[in-house]
Amino acid sequence: MIKLQDVALAYAGRTGPVLALDGTSIDVARGEFAAVVGPSGCGKSTLMKLVTGLVKPTRGSVEVAGAPVRGPVKVAGMAFQNANLLPWRTVLDNILLPLEIVEPYRSQFRSKKAEFVARAEKLLDTVGLGGFGNRFPWELSGGMQQRASLCRSLIHEPQLLMLDEPFAALDAFTREELWCVMRDVWQRLKFTVVLVTHDLREAVFLADTVHVMSARPGRIIESRRVDFARPRDLEICYEKEFADIVHVLRNKIAQVRQTPAPVEAAS
Amino acid sequence: MKIDNESLAPWYFTIGIFVVWEAVCRLFNVSDFILPAPSQIAVAMVRYWKPLLYNSFVTLWTTLAGFLMAVAFGLFLGLVVGWSKAIYRGLYPVMIGFNSIPKVAVVPILIMWFGIGEIPAILTAFLISFFPIVVNVATGLATIEPELEDVLRALGASKLDVMRKVGIPRSMPYFFGSLKVAITLAFVGAVVSETIGANAGLGHLMTQAGSNFQMPLVFAGLMALAVEGIVMYAVTALIEQRMAGWAFRSQNSAGG
Ligand SMILES: Nc1ncnc2c1ncn2[C@@H]1O[C@H](COP(=O)(O)OP(=O)(O)OP(=O)(O)O)[C@@H](O)[C@H]1O
Ligand SMILES: [Mg+2]
Numbered sequence: 006m007i008k009l010q011d012v013a014l015a016y017a018g019r020t021g022p023v024l025a026l027d028g029t030s031i032d033v034a035r036g037e038f039a040a041v042v043g044p045s046g047c048g049k050s051t052l053m054k055l056v057t058g059l060v061k062p063t064r065g066s067v068e069v070a071g072a073p074v075r076g077p078v079k080v081a082g083m084a085f086q087n088a089n090l091l092p093w094r095t096v097l098d099n100i101l102l103p104l105e106i107v108e109p110y111r112s113q114f115r116s117k118k119a120e121f122v123a124r125a126e127k128l129l130d131t132v133g134l135g136g137f138g139n140r141f142p143w144e145l146s147g148g149m150q151q152r153a154s155l156c157r158s159l160i161h162e163p164q165l166l167m168l169d170e171p172f173a174a175l176d177a178f179t180r181e182e183l184w185c186v187m188r189d190v191w192q193r194l195k196f197t198v199v200l201v202t203h204d205l206r207e208a209v210f211l212a213d214t215v216h217v218m219s220a221r222p223g224r225i226i227e228s229r230r231v232d233f234a235r236p237r238d239l240e241i242c243y244e245k246e247f248a249d250i251v252h253v254l255r256n257k258i259a260q261v262r263q264t265p266a267p268v269e270a271a272s
Numbered sequence: 060m061k062i063d064n065e066s067l068a069p070w071y072f073t074i075g076i077f078v079v080w081e082a083v084c085r086l087f088n089v090s091d092f093i094l095p096a097p098s099q100i101a102v103a104m105v106r107y108w109k110p111l112l113y114n115s116f117v118t119l120w121t122t123l124a125g126f127l128m129a130v131a132f133g134l135f136l137g138l139v140v141g142w143s144k145a146i147y148r149g150l151y152p153v154m155i156g157f158n159s160i161p162k163v164a165v166v167p168i169l170i171m172w173f174g175i176g177e178i179p180a181i182l183t184a185f186l187i188s189f190f191p192i193v194v195n196v197a198t199g200l201a202t203i204e205p206e207l208e209d210v211l212r213a214l215g216a217s218k219l220d221v222m223r224k225v226g227i228p229r230s231m232p233y234f235f236g237s238l239k240v241a242i243t244l245a246f247v248g249a250v251v252s253e254t255i256g257a258n259a260g261l262g263h264l265m266t267q268a269g270s271n272f273q274m275p276l277v278f279a280g281l282m283a284l285a286v287e288g289i290v291m292y293a294v295t296a297l298i299e300q301r302m303a304g305w306a307f308r309s310q311n312s313a314g315g
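Respectively, the protein sequence lines represent chains G and F. Letter by letter, the first sequence follows residues 6 to 272 of our numbering. Letter by letter, the second sequence follows residues 60 to 315 of our numbering.
There's no promise every hint is true.
Think about it this way: if two alpha-carbon atoms lie no more than 27 Å apart in a straight line, the pair counts; the simulated DSSO-like pairs of lysine-lysine are [stated by the list, open to error]: (1) Lys224/F x Lys239/F; (2) Lys195/G x Lys127/G; (3) Lys61/G x Lys144/F; (4) Lys61/G x Lys8/G; (5) Lys127/G x Lys224/F; (6) Lys224/F x Lys61/G; (7) Lys79/G x Lys218/F; (8) Lys224/F x Lys118/G; (9) Lys117/G x Lys224/F; (10) Lys61/G x Lys218/F; (11) Lys127/G x Lys79/G; (12) Lys79/G x Lys144/F; (13) Lys218/F x Lys144/F; (14) Lys117/G x Lys195/G; (15) Lys117/G x Lys218/F; (16) Lys224/F x Lys79/G; (17) Lys218/F x Lys118/G; (18) Lys79/G x Lys117/G.
Hints are computed from structural coordinates only; laboratory data are not their basis. Computed from a predicted model, the values in this text were never measured in an experiment.
Make the full structure from the sequences, and use the hints.
Structure (structure tokens):
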């Protein structure tokens with residue numbers, strides 16, 4: 006589904022170009038749940054932007070669904086650390102937003118409104134927000150807003166879901182609850198997911214493959230398969246094998262954090 | 060409705076000021092050529108209620124006409140400027156330059172072009188008040204959360220979609236917020252222009268009364284200006300609350 010080959014990306018920083026990614030290659034199969042972990046500022050969010058076509062690579066090739074990415078990919082769902090709901094819309098209308106943009110829903114939006122609303126309400130039920138559709142985002146807690154944001158990223162049943170630290174700002178219990186929501190939705194719809202996270206337990210619990218990135222300029226330095234049987238129960242987080250994988254990944258990241266970042270520009 | 064001391068406080072203070080004013084004038088025997096007492100002003104208001112009302116009305120409509128032009132033009136230009144970073148960068152310095160010209164300096168030109176009358180007042184009101192509207196609308200558009208824009212663009216939204224779904228609704232509180240400032244400025248513009256050259260309006264009435272040494276009438280004109288200004292401000296503030304209430308509410312809850 007996603008194929009990056011030897012990609013580099015430089016931002017035009019104020020003091021000269023900033024190389025965010027260099028020599029990055031990654032493969033994500035259709036229907037796979039991939040997680041990306043790495044030290045802060047290593048280019049994870051940049052990787053997400055590359056895959057969705059929001060930025061163009063400076064070098065290398067980016068392919069999504071078998072075709073090279075030339076502009077925004079048009080079908081990806083995205084969710085971020087901030088819920089970013091529109092405060093003037095109700096939760097329900099926020100969730101319906103993608104259907105007002107993505108074809109074929111867009112042209113059917115008026116005629117099939119009732120059907121879409123039913124669909125959004127069902128989705129709200131799955132994330133535990135049933136009955137909150139008519140509230141405004143500011144009437145919801147942070148965790149509830151994040152659930153709504155997940156619904157918005159899923160409403161158009163995207164083939165590709167890009168999640169950039171969506172659970173980072175939540176308390177531990179809500180976070181685990183949303184892991185399970187994510188797990189169930191993914192199990193049911195089998196779309197491709199790329200999840201960026203700082204939480205290694207989250208990555209190992211949810212993903213089929215965990216990719217570890219180096220410090221900036223970011224590269225994938227290790228891709229580790231996680232072969233626990235599905236559906237996974239939260240209890241596996243307390244098993245030894247689970248802890249071992251988390252431990253290995255942790256050491257790996259601690260190690261890449263140690264290596265000094267390459268010198269920017271000789272000044 | 061509960062009326063408490065706090066909501067009455069503005070009235071106490073207003074009345075207090077007038078009482079002190081009256082007392083000072085009487086105690087020190089201040090000549091009404093210098094500072095007429097409130098009672099003398101009241102007498103003048105009653106005596107000249109007709110010209111006061113007529114000229115207030117003229118000022119009101121020139122202000123509103125200029126203000127409405129500013130709203131239409133300001134909204135349009137704000138949307139254009141906020142549309143893209145390039146336009147923003149290119150036009151912004153030009154607008155700053157334009158805005159830093161004191162508009163009083165333009166009034167004589169307008170009078171030469173359009174003659175003595177209401178048009179220079181309307182145009183001055185317009186010129187002086189459209190700028191804050193432009194800046195506010197453009198700011199509302201330019202400060203869309205980049206992540207939200209990413210979400211929409213990854214869905215294949217065009218620039219127009221992003222503007223329609225997010226940019227424009229988002230800039231509405233900024234827009235309505237700028238109306239308060241704009242109406243105040245438009246009022247200043249209209250009155251200044253009437254003072255410099257016009258054949259009607261409160262500014263005109265006050266210059267005329269001044270040159271006839273009718274100080275109580277000049278102050279009566281000032282009172283009329285104050286009332287008119289307060290009313291127009293209050294109305295726009297009310298419109299702001301009505302139209303963009305979500306911005307107030309979401310801010311309150313974000314703080315708590
Ligand atoms: N618009 C930009 N202009 C210049 N430099 C940028 C820009 N965006 C990101 N960068 C730089 O690129 C690097 C990678 O940024 P990115 O946001 O992808 O990191 P990240 O891995 O997502 O970090 P975090 O884990 O903290 O979210 C950072 O060092 C950042 O300074
Ligand atoms: Mg990031």
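So, going through the hints one by one against the coordinates:
no. : hint                : verdict
1   : Lys224/F x Lys239/F : holds (26 Å)
2   : Lys195/G x Lys127/G : holds (18 Å)
3   : Lys61/G x Lys144/F  : holds (19 Å)
4   : Lys61/G x Lys8/G    : holds (14 Å)
5   : Lys127/G x Lys224/F : holds (24 Å)
6   : Lys224/F x Lys61/G  : holds (25 Å)
7   : Lys79/G x Lys218/F  : holds (13 Å)
8   : Lys224/F x Lys118/G : holds (17 Å)
9   : Lys117/G x Lys224/F : holds (19 Å)
10  : Lys61/G x Lys218/F  : holds (18 Å)
11  : Lys127/G x Lys79/G  : holds (24 Å)
12  : Lys79/G x Lys144/F  : holds (23 Å)
13  : Lys218/F x Lys144/F : holds (12 Å)
14  : Lys117/G x Lys195/G : holds (25 Å)
15  : Lys117/G x Lys218/F : holds (25 Å)
16  : Lys224/F x Lys79/G  : holds (16 Å)
17  : Lys218/F x Lys118/G : holds (24 Å)
18  : Lys79/G x Lys117/G  : holds (21 Å)
In terms of the numbered hints stated before, the structure departs from none.
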